[in-house]
Every structure is written in C-alpha cells, then in structure tokens.
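Given next are the chains, with one letter for each unit.
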Amino acid sequence: EAQVTQNPRYLITVTGKKLTVTCSQNMNHEYMSWYRQDPGLGLRQIYYSMNVEVTDKGDVPEGYKVSRKEKRNFPLILESPSPNQTSLYFCASSLWGRAGELFFGEGSRLTVL
Amino acid sequence: DAKTTQPPSMDCAEGRAANLPCNHSTISGNEYVYWYRQIHSQGPQYIIHGLKNNETNEMASLIITEDRKSSTLILPHATLRDTAVYYCIVRVRDTGNQFYFGTGTSLTVIP
Chain C
1 EAQVTQNPRY LITVTGKKLT VTCSQNMNHE YMSWYRQDPG LGLRQIYYSM
51 NVEVTDKGDV PEGYKVSRKE KRNFPLILES PSPNQTSLYF CASSLWGRAG
101 ELFFGEGSRL TVL
Chain G
1 DAKTTQPPSM DCAEGRAANL PCNHSTISGN EYVYWYRQIH SQGPQYIIHG
51 LKNNETNEMA SLIITEDRKS STLILPHATL RDTAVYYCIV RVRDTGNQFY
101 FGTGTSLTVI P
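The listed protein sequences correspond, in order, to chains C and G.
In terms of our numbering, the numbers along the first sequence are unbroken and rise by one, the last being 113.
In terms of our numbering, the numbers along the second sequence are unbroken and rise by one, the last being 111.
The set of hints was computed from the structure by calculation and includes no laboratory data.
Nothing here was measured: the structure is a model prediction, and the numbers come from that model.
Cβ coordinates follow ideal geometry from the N, Cα and C atoms, glycine included.
Wrong hints could be hidden among the right ones.
A short, non-exhaustive set of chain C residues, derived as facing chain G with CB atoms under 8 Å [said to hold, decoys possible]:
{"#": "1", "residue": "33"}
{"#": "2", "residue": "42"}
{"#": "3", "residue": "43"}
{"#": "4", "residue": "45"}
{"#": "5", "residue": "88"}
{"#": "6", "residue": "90"}
{"#": "7", "residue": "100"}
{"#": "8", "residue": "101"}
{"#": "9", "residue": "102"}
{"#": "10", "residue": "106"}
{"#": "11", "residue": "107"}
List time: in silico DSBU-like cross-link candidates among lysine-lysine, alpha-carbon distance up to 35 Å [unchecked claim]:
{"#": "12", "chain 1": "C", "residue 1": "57", "chain 2": "C", "residue 2": "17"}
{"#": "13", "chain 1": "G", "residue 1": "3", "chain 2": "C", "residue 2": "57"}
{"#": "14", "chain 1": "C", "residue 1": "69", "chain 2": "C", "residue 2": "18"}
{"#": "15", "chain 1": "C", "residue 1": "57", "chain 2": "C", "residue 2": "18"}
{"#": "16", "chain 1": "C", "residue 1": "65", "chain 2": "C", "residue 2": "18"}
{"#": "17", "chain 1": "C", "residue 1": "17", "chain 2": "C", "residue 2": "65"}
{"#": "18", "chain 1": "C", "residue 1": "71", "chain 2": "G", "residue 2": "3"}
{"#": "19", "chain 1": "C", "residue 1": "65", "chain 2": "G", "residue 2": "3"}
{"#": "20", "chain 1": "G", "residue 1": "52", "chain 2": "G", "residue 2": "3"}
{"#": "21", "chain 1": "G", "residue 1": "69", "chain 2": "C", "residue 2": "57"}
{"#": "22", "chain 1": "C", "residue 1": "18", "chain 2": "C", "residue 2": "71"}
{"#": "23", "chain 1": "C", "residue 1": "71", "chain 2": "C", "residue 2": "57"}
{"#": "24", "chain 1": "G", "residue 1": "52", "chain 2": "C", "residue 2": "71"}
{"#": "25", "chain 1": "G", "residue 1": "69", "chain 2": "G", "residue 2": "3"}
{"#": "26", "chain 1": "C", "residue 1": "69", "chain 2": "G", "residue 2": "3"}
{"#": "27", "chain 1": "C", "residue 1": "71", "chain 2": "C", "residue 2": "17"}
{"#": "28", "chain 1": "C", "residue 1": "69", "chain 2": "C", "residue 2": "57"}
{"#": "29", "chain 1": "C", "residue 1": "17", "chain 2": "C", "residue 2": "69"}
{"#": "30", "chain 1": "G", "residue 1": "69", "chain 2": "G", "residue 2": "52"}
{"#": "31", "chain 1": "G", "residue 1": "52", "chain 2": "C", "residue 2": "57"}
In isolation and in its complexed conformation, chain C is listed as follows (with noise of 0.2 Å):
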C-alpha cells in the first residue's frame, strides 16, 4: 500500500530535550517537505528536500533540522524543542514533475513542556 508514515504520532517531550520525527515514503517519490499545523495558522512549510541531499528552508525552519540521505527517508530534528514548537506535524511527498499532488502522513501531535 503506497503510503506516508511518520513516527511518533503523539509525544510529550520537555523542553530541550533533542527528538527526531521520523518519515518515510513508499512510493519512490523525489519531493518529500514538512509542514506544522497550528490553530487559526494553518499549514505552514518547515523544510522541503526536491531530492537526495537537497533541502531547503520554508516559510518557518527556525528552530527545525532535516536531512534527505535516502530518498525514502526524511527526518525532522529538532534539537532543543520549545514550548512553541508544541503542534502537529506533517510529512507529505510527491513525485518530481507533479510536485502539486502530494501525499501526506498522519500526523504527529507533539507536546513540548
């Protein structure tokens, strides 16, 4: 089943605390991004990779680290969370040449104390 997984999908973490949001696509999919959803903000851009070893910043990267070193895979570190960064988080993904037709994951809802 072509599918987005994202682990965890819930976390309580206190701040500072160095975590990593894991996600990985099954699809071969070049473009793969991050976003954060937050009441009243909706969907805002993290991190985007366009491929292997390609990343680059969104609209709201402060605080966040990603790495594209398989092309199934691309991680979301955040290597000291802050309370602000308590939200739900989105991997998406989607083929090169039909980077409007993403995928996404579940979800994680993280909770930074």
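Given chain C, put chain G in place with the hints provided.
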C-alpha cells in the same frame, strides 16, 4: 506563487451540491489551481487540479473561469463525510519549491 482568497466557512445541506469558491486574481499563465481537503486533524488529501480547462474526477469537479482569476470546487452530492477544511492553492506544477496552504474554507455538511 499567486495568493488565494477563500471564505472562512460554508454550510451545505446533505445531498446537495457544495460549491466552494476561490479567488486567485494574480495567477500567472503557468500556475495550476490545486484543491486539497483536510478532515479533522488527518493529513490533507489531494482532490483535483487544473490549468484552464474544467476538470472532473471521482471526487469533485473544478470550474476555472475564462480569465483564470477564480475557480470553484464542486462536490456534486455532499455527504456528512465531506465535512472538512478545503484548501485552494495556486502554484507552478513542476517546481518542487514551496507550497502554501493558507487557512482554507471550513465546509460543514448539515443533515
């Protein structure tokens, strides 16, 4: 990418057509119109996209005005499961750059 304007909320009676408008007056010639929806807090779901011709698939129809400055997503027979936030996005199709979702239209289908 051009910006879009959508009403924040709409209601529709179950079984009737839901017509969701989107304004994109600054759209340029190579930009497509995309529609997504998000049910509760699930990941957004791609619905349909088009350039200038009207498009239809198993989920919805997309009507784009001749001047391309606005479009309408039509759900022909709305069901309760169509209650969701609907996002209209305008972007160049083949570029892998940023993708702006905005805040969308919250559609409530009423029994």
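Could you tell me which of the numbered hints above are not met by this structure, giving the numbers in increasing order? none
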